[in-house]
Amino acid sequence: KAGVTQTPRYLIKTRGQQVTLSCSPISGHRSVSWYQQTPGQGLQFLFEYFSETQRNKGNFPGRFSGRQFSNSRSEMNVSTLELGDSALYLCASTLRGDRGDEQYFGPGTRLTVT
Amino acid sequence: AQSVSQHNHHVILSEAASLELGCNYSYGGTVNLFWYVQYPGQHLQLLLKYFSGDPLVKGIKGFEAEFIKSKFSFNLRKPSVQWSDTAEYFCASRSSGGYQKVTFGTGTKLQVIP
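Which chain is which? The protein sequence lines are A and B, in order. Heads up: the first sequence is residues 4 to 117, going by the working numbering. Heads up: the second sequence is residues 1350 to 1463, going by the working numbering.
Worth flagging that the hints you see were computed from the coordinates, not collected in a lab. Some hints could be false.
Heads up, simulated DMTMM-like pairs for lysine to aspartate or glutamate below, C-alpha to C-alpha not over 25 Å straight-line [to be verified]: (1) B:1407 x A:101; (2) B:1420 x A:105; (3) B:1407 x B:1369; (4) B:1420 x B:1369.
No experiment lies behind these values; they were computed from the predicted model shown.
Chain A extracted, bound-state conformation (with noise of 0.2 Å):
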């Protein structure tokens, strides 16, 4: 079973531009979370969606937005980009089981704004 594909890989934005992630889960899995990960904070959650819903929503200001796809695909997207959106984003696929949910990585994003 293929993992959680990111795309791009890398992504080079000045500031005040606007991106847009991708993230495609495993097969199977029909909720997806987004973290940043930078080296000062660590992974802070962004937002996690299910059946193309968002269920949770970490402390982000509203420029940065996350949609799901009914094919489960998500997309997040970052609005008037600023220095310290600089970081890895991770997209995380959500196994849900009867005794509780395992979370499986893909590679990231790693943005740089200049």
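Keeping the supplied structure of chain A fixed, place chain B upon it in accordance with the hints.
Okay, now just chain B, sitting in the frame of chain A:
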């Protein structure tokens, strides 16, 4: 809000030394607990998980963790580390039930010296 604390930010060990990485979580209800590992240049991988039952959980590559409810702890252990264990380790918690976000600790960088 939930929080996860990892007390050791950077640990240096010699090969064959024993490892114990501390993790404390804040949520007082029923939680699912996880340890993830991120090898240099690779994506996050699940090492082990605790949902319920036996508090001593065994994971991949000889790692184990013990859930101690009274101490809100889920420490990671390995009796004898190898150079290939050099990586960053993240503890995470998720309150069980519904769509609950996963909260990560800030990570512990482990460096194993040959």
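Hints and how they fare:
1. B:1407 x A:101: holds, 20 Å
2. B:1420 x A:105: holds, 24 Å
3. B:1407 x B:1369: Roughly 14 Å separates the two Cα atoms, so the pair holds.
4. B:1420 x B:1369: holds, 16 Å
Violated hints are absent here; each numbered hint is respected by the structure.
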